[in-house]
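Fit chain C to the known structure of chain F by using the hints.
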Amino acid sequence: MKAAILTRLRSTQGAVGRFLLLAPVLVSTAGCVQVSAPEKPIEINLNINIRQEVVVRLQEDVRDLIEKNPGVF
Amino acid sequence: MNRRLKLIVAAGIAVFAVAGGASAAYAMLQGDAAAELRASGQAGEQADGYLGIVGSPSAALRAQVDSVNIKRRAYYTDLAAKRGAKIEEVAATTACELFRTKVGPGQYYRGTDGAWHQRDGSAPVPLPSYCG
Chain F
1 MKAAILTRLR STQGAVGRFL LLAPVLVSTA GCVQVSAPEK PIEINLNINI RQEVVVRLQE
61 DVRDLIEKNP GVF
Chain C
1 MNRRLKLIVA AGIAVFAVAG GASAAYAMLQ GDAAAELRAS GQAGEQADGY LGIVGSPSAA
61 LRAQVDSVNI KRRAYYTDLA AKRGAKIEEV AATTACELFR TKVGPGQYYR GTDGAWHQRD
121 GSAPVPLPSY CG
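Line order of the protein sequences matches chains F and C. So that you can map any letter, position 52 of the first sequence is 52 in my numbering, and since no number is skipped, the others follow by simple counting. So that you can map any letter, position 15 of the second sequence is 15 in my numbering, and since no number is skipped, the others follow by simple counting.
One or more hints might be untrue.
As the list claims (entries may be wrong) - Heads up, simulated EDC-like pairs for lysine to aspartate or glutamate below, C-alpha to C-alpha not over 16 Å straight-line:
#1 Lys102/C x Asp32/C
#2 Lys68/F x Asp32/C
#3 Lys82/C x Asp64/F
#4 Lys68/F x Asp78/C
#5 Lys102/C x Asp64/F
Worth flagging that the hints you see were computed from the coordinates, not collected in a lab.
Next up, chain F with everything else stripped away, as it sits in the complex:
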C-alpha cells in the first residue's frame, strides 16, 4: 500500500519533471502548483476511507439502536 503510493508519487514527480523540461516557457508559479498538489489529496482520501469503512460496518447496528429507543433518538 505504502509502496504503491510512493510509486505513484514518484511517477507523478517524474511527469512533472518532464513537463517542466518540455515547457520551459511556462511561468514558474504554474510549476509550483503542479508539484504541491498531489500530496494532500492522498492523505485526506486515506482518512475518509478508514472512517467510511467503520461507518458502513456499524450502520445496521445503529439503525437497530435508533429504532428500539425512540425516546432517546
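Quick look at chain C alone, frame taken from chain F:
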C-alpha cells in the same frame, strides 16, 4: 403548583413555536423526548451524535438535553464495546442516520462546520463526507 404551572406553559409554548405543531403534540403524547426537543426548535442534532441547544439554554432545557445525551452515551459505549469500535465512531455513524431520518423540515442540525443550520423544507440534510 407553581412549578407545575411553568411546565404546562413551557409545553404550550413548545407546541405553538413549531410550524406543524401537530407533530410536536404527537411526539409529546409518545413521551418521545428527543423528537420533542427537535420539534421545539430549541435543540437540534449534532454531527457528533448528540443533541445540542440551538439558542441560549435555560436550566430546564439543559437538563432535558443532558438527560437524553447521557442515555445516548450509554448506548454508544455499549455498542462500541460489542463491535470493537470507538465510542466516537458509533456516535458519528448514529449522527449520519439521525441526519438522514430524524431531522424534520424546519428543524436544526449542526454539521461538521460547527454551525447550526435549519433544514430547508423538504431538501435533505447535507451529510458529513464519511457518512457514505
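For a C-alpha distance cap of 16 Å, please report whether lysine 68/F and aspartate 32/C respect it.
holds, 12 Å
Is lysine 102/C close enough to aspartate 32/C, meaning Cα to Cα at most 16 Å?
holds, 12 Å
Would you check the hint for lysine 102/C and aspartate 64/F, treating anything up to 16 Å between C-alpha atoms as holding?
Status holds; Cα separation ~14 Å.
For the pair supplied as a hint, lysine 68/F and aspartate 78/C, confirm whether the alpha-carbon distance does not exceed 16 Å.
This hinted pair holds, its Cα atoms lying about 14 Å apart.
Check the hint pairing lysine 82/C with aspartate 64/F against an upper bound of 16 Å on the C-alpha distance.
Given that 16 Å is the threshold and the Cα spacing comes to 14 Å, the pair holds.
Every hint, counting from the list given before, is met by this structure.
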